[in-house]
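K.L.:
My request is simple: use the sequences and hints to build the entire structure.
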Amino acid sequence: RMKDALLNEQANKQITEMGAKYDSEKKDKELIKKDAELAKQQAETGQQQTLRNAFITGFALVLILAFFIYKGYRTKKKANISITLQKEEIEKTYENISILSEIEQSITSSLSVEKIIEKVYENVNKLMIADVFCIGIHNKKNNSIDFPGFIENGKKYNSSYSLNDEKRFPVLSFNKGQEIFINDLEKEYKQYIPYIPTPIAGERPESLIYLPLFSKEKIIGVITVESFSKNAYTKHHLNILKNLGVYVAIA
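Per the numbering used here, the sequence shown starts with residue 1, numbered consecutively.
Since the hints were made in silico from the structure, they are not lab data.
This structure is a prediction, so every number in the text was calculated from the model and none was measured.
Some clues are possibly wrong.
Within a straight-line C-alpha distance of at most 20 angstroms, the following computed DMTMM-like cross-link-like pairs (lysine to aspartate or glutamate) qualify [unchecked claim]:
(1) Lys155 - Glu122
(2) Lys115 - Glu152
(3) Lys115 - Asp146
(4) Lys167 - Glu179
(5) Lys242 - Glu217
(6) Lys235 - Asp146
P.N.:
Below you can see the structure in the form of structure tokens.
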């Protein structure tokens, strides 16, 4: 019996040791499994982070590339527009010079102011809006500035202004040698005269340019274009009219 008891005790001890060893191995395996799963999760997380970073970097590079492509496109487009505008401006300038040359030739072959007005009126509307075109000549005898045969919308009129009536644009331009440039008569007339006088002939304009005519540094008359539309003229038109004034004064 003692022997059996010892054997049983030894067997129980062995069983207990084996159970403990089993539990220990089981725990080790579970730890190893958990470590493996944790490592896998970390690897997957790292991979996702790497992919996300790569996507963000790639997207940023695409945006930068798109920006420079768009910038280059805009620059090229602006350059093309600038070249086109320059080309159009050169062509327009050449056309204007050709028209001015034609006007000069027609003026030099004319003998009277009325004929000069007719010749200029035929071409001046190619250069600017000229519903009215006039040349005023100083009349010493009557102390006036006379507009023989001025043209308004294709019709001829005659008018004359006393040089004492300084509330009139042509008189002001002649007496003071002053350029008058107006694109909205109602708003701008006070820069030159106290009120808008009633026209002696024809209708009241909305835009107008008056320039004195000089011959040998002496004022001999005025030249004018008028429009029934607002904002009809620019400084470019003013310069064109100055050139016409030189040709008319020489004639």
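K.L.:
It remains to establish, for every hint, whether it holds in the given structure.
P.N.:
Here's how the hints hold up against the structure:
1. In summary, the hint linking Lys155 to Glu122 is supported, as the alpha carbons are separated by about 12 angstroms, within the 20 angstroms threshold.
2. Restraint check: the Cα-Cα separation between Lys115 and Glu152 comes to about 15 angstroms, which is no more than 20 angstroms; the hinted pair holds.
3. For a cut-off of 20 angstroms, the pair hint linking Lys115 to Asp146 stands: about 15 angstroms separates their Cα positions.
4. With a C-alpha separation of about 15 angstroms, the suggested pairing of Lys167 with Glu179 holds against the 20 angstroms cut-off.
5. The suggested pairing of Lys242 with Glu217 holds, with an alpha-carbon distance near 15 angstroms, which does not exceed 20 angstroms.
6. About 27 angstroms separates the Cα atoms of Lys235 and Asp146, which puts this hinted pair outside 20 angstroms; it is violated.
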